[in-house]
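S.K.: Each chain, letter by letter, is given below.
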Amino acid sequence: MNNTEKMLDIKNLSVIYKTDLETVYAVNDVSLSLEKGATLGLVGETGAGKTTLALTLMRLLPERTGKVTNGSITFEGDSIVDLPEARMRKIRGDKIAMIFQDPMTSLNPVLTVGDQIAEALIVHNEKGLTKEQIDARVDETLTLVGIPPARKNDYPHQFSGGMRQRVVIAIALSCEPDLLIADEPTTALDVTIQAQVLMMIRDLRDRLGTSMIMITHDLGIVAQTCDNVAVMYAGEIIEVGTAEDIFTKSVHHPYTDGLFASLPNLKSKTARLQPIAGLMPDPTNLPKGCKFAPRCTKCMDICKEVPPEVFTDGTHSIRCHLYCQGKED
Amino acid sequence: MTENNAPARSAIDLLNDGEDINFKRPSQVKEILRRLKKNKGAMIGLFLLIFIILVVILADVIATYEVGVVQIPDNRLAHMSAEHPLGCDSYGRDVLSRLVHGARNSLLVAVAASISSCLFGCTLGAIAGYFGGKVDMLIMRALDIFMSIPDLLFTMVVVAALGSSIPVLIIAMTLAYFTNYVRLVRSGVLNLVDQEYVEAARAGGSSSARIIISHIIPNTLGIILVNVTLNVSSLVIYQSTLSFIGLSLPAPAPEWGSMLASARVDMLRAPLLVLFPALAIILTAFSVNLLGDGLRDAMDPRLRN
Amino acid sequence: MTEQRTPLLETVDLKKYFKVGDKSFLHAVDGINMKVYAGETVGVVGESGCGKSTLGRTILRLIEPTSGQILYNGDDITKYNPRQMKKMRQELQIIFQDPYASLDPRKSVVEIIAEYMIINKTLPTKREIYNRAARLMDVVGLARRYATAYPHELDGGRRQRIGIARALSVNPKFIVCDEPVSALDVSIQAQILNLLMDLQDDMNLTYMFVTHDLSVVKHISDNIMVMYLGQCLEFASSDELFEKPIHPYTQALLSAIPEPDIAMRNKEIKVIKGEVVSPIDPKPGCRFAARCEHCHERCLQEAPVLKEIEPGHMVACHLCDK
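Protein chains in written order, with our numbering: chain A, 104 to 432; chain B, 355 to 659; chain C, 84 to 405.
Hints in this document: simulated from the structure, not taken from any laboratory. There's no promise every hint is true.
[To be verified] Covered stretches of chain C, as calculated for chain B (at least 3 residues, CB under 8 Å): (1) 186 to 200; (2) 213 to 219; (3) 280 to 286; (4) 371 to 385.
[Stated by the list, open to error] Per the computed footprint, the stretches of chain A lying under chain C, defined by three or more beta-carbons under 8 Å from a beta-carbon of chain C, are: (5) 172 to 184; (6) 214 to 227.
Yeah, the Cβ is synthetic: ideal placement off N, Cα and C, and Gly gets one too.
Given only the sequences and the hints, what does the whole structure look like? Please build it.
M.R.: Right, here's the structure in full:
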């Protein structure tokens, strides 16, 4: 891992949302890195902190409440956390682009899709492109995502859901970002459309060499698109590894095991699913030991008291007492 | 965490032979009062309002009606004194007396018109929103015609036709103010009718009337209430507009709006004459708004803490 | 086989058209014939806009059908007057998709569960009704301490349990489950699916399970109906459908599921081109023709009818005639 170029390096990142009433511990001590050209899948359930992590990378946390309390983010040599807003604005959209979940609300209804793609290009127009060049680039980007350039004068409402998500992706790709963050890009889409969009994302990533963070709750999407996988729970990365580590190895964090057991199996008929008992802990009041301990079937005494260390085996890391202890004994 | 495991006993057993619960539907009024008590703003509003109501009730004890209407030339623009705590106006009438007795007229008309415009407007709005189609069309088009006539013109016609008295004023002001409620409630109902819980109620066999009473009204009450409280204050002011053009209660009946209107003439010589009725109007508006906001929050379980 | 039994619920050429504009009609449900036998689960799958939710609501007459019959135990409920229908609503219930929108935010949990019993006066006193509501909370695995809580204080899974308890409160036989788990996270989804299956066993319920999630529908259903633009394209038992999908649409649908298995990463996905066409005044011929790779002349002119290819396996496609 050390030989390849790390384009993004997150170290011990913690993010809170603080209001007068309460403090939400959204991201807790997250360390992650991403190599150039790789795709990282960030998996977790609602409230696991996936989106907060993405927003922190973009420096788009709500200003009044969201705060980075600890840690660093290094992106291509720049420290995202300390960068002045003016510099950050250049990075945002140009170097790091984000695709949001809902294609209905992330487009401006009163601008044509061509204008919306051009807007990103105009904002980041360092090369001094002429109007014609920008126009040509808009056409090119639309063709890239499979929309006939003739439709650039149409408004978002004239497109179907899947087509709109393609427009959103076109906007994100227009400046040829180095890193693309896709936050549940296909959750709002139907399965056949999802397949189209996923194939397209995969194809574009390979062709353009874009690095990608794919945020999703769907293990299927991760298996089909990602090189590396990080599983998030209650703001922590509880397991991280290559896709092979996560999907083929037998050693897992109990939460990851629980996620897999919760999925109805397409191949064999199972009478009952094995869901994880209980609920995600309250992010304003996290357990002091392992955050998964209250729901864990393999919970030991130590789990309730001491936060677990990370156990690492090659590319595969698990944050669980089960394995740390086993090593020592 | 028993709730996530498979039920150990079968559903039928649990149903036929489960434990009883001692559940009494909590009194809604008590709940609302309990939540209201925690709201400082609402409590200030409530106390101010109680104070104003007390003044209205005890008007005769505070000052006699006569000194407020009988003109004594010697007392013109008299300063504050023990006899006239707030001084006298340009006709030599006691300002305190006019203020407390005027409260009766002003508030009675404002509150009554506010309530009646609310009831009238909400009923029409609910009917239009819930039943939709032709009924909606009819009500809304009629409303459009109604709204195209300026309020003041309309009020003038009504007062001119029926003469100036408290009931006529209430009717005239109701007609001027009900239109807001129709639109407000109609759009609220239109939103709610599409909610799944309304569909759920129908799936349980609920009738339209029941759905309106038990789901739609409680869920629109918040916006209605805020509007009512805003209207009380604007109605007091509207009434002063009417006094200004001589359409309110005939002189010398005391009323805040007409006090304000007549004090205008001597504003430079006796600025306090403007101040007192203005303060009274502001105080009323303020207290009603505070209480209204507090009530809206207290009635919404989503906001309780 | 099962020909002798009367289905618990049967629809005969059920149609629901919505008027759009002056002369156009949106064919939301267009001639559905389905049979649901007591104690089984029929899954209805399809993409958004295929009319699966409308079908569920039309069967319950929450939306009045345009034409066709709905037979419950052989009796046509479309002819019922409001009073008969109110009684029938106790037999036919629904669990909604959105556990946020389907509960009145101003009512406490017990009141929500008790509502149907109060409307229908199923028990003589309020006291008994609330007692039963509390027992229903036990049945659906909702701790009693939440009895006086309000919906917004609970998470999605618990809210969905409230919805289930409310539906069960009037002792229904047939329940339309309209995407009951699609708003939930996987671990919670599994809890709710297990609950629904347990309840079915315990109370001999019959489900019509509407969903867009193919893995969920396979897990819970005995038979599956694949819907596309208001019509049924394929109907088969759950295992059969997943093993031998015949209709090109079903095949594409199944191959599009992203499977949590990296061995399948390079599998050939049958990506169907284009998107669902408008259900407003659809053209004659097969509804799927515009996206179908096997589309030929006949598909554009003549609508295929649903035919039994093998016992219990019905397909509406001209390819089957060859």
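S.K.: A separate judgement is required for each hint: does it hold in the structure or not?
M.R.: Hint-by-hint comparison with the structure:
no., hint, in the structure
1, 186 to 200, "holds (count 9)"
2, 213 to 219, "holds (count 7)"
3, 280 to 286, "holds (count 4)"
4, 371 to 385, "violated (count 0)"
5, 172 to 184, "violated (count 0)"
6, 214 to 227, "violated (count 0)"
Hints 4, 5, 6 from the list above are not met by this structure, while the remaining hints are.
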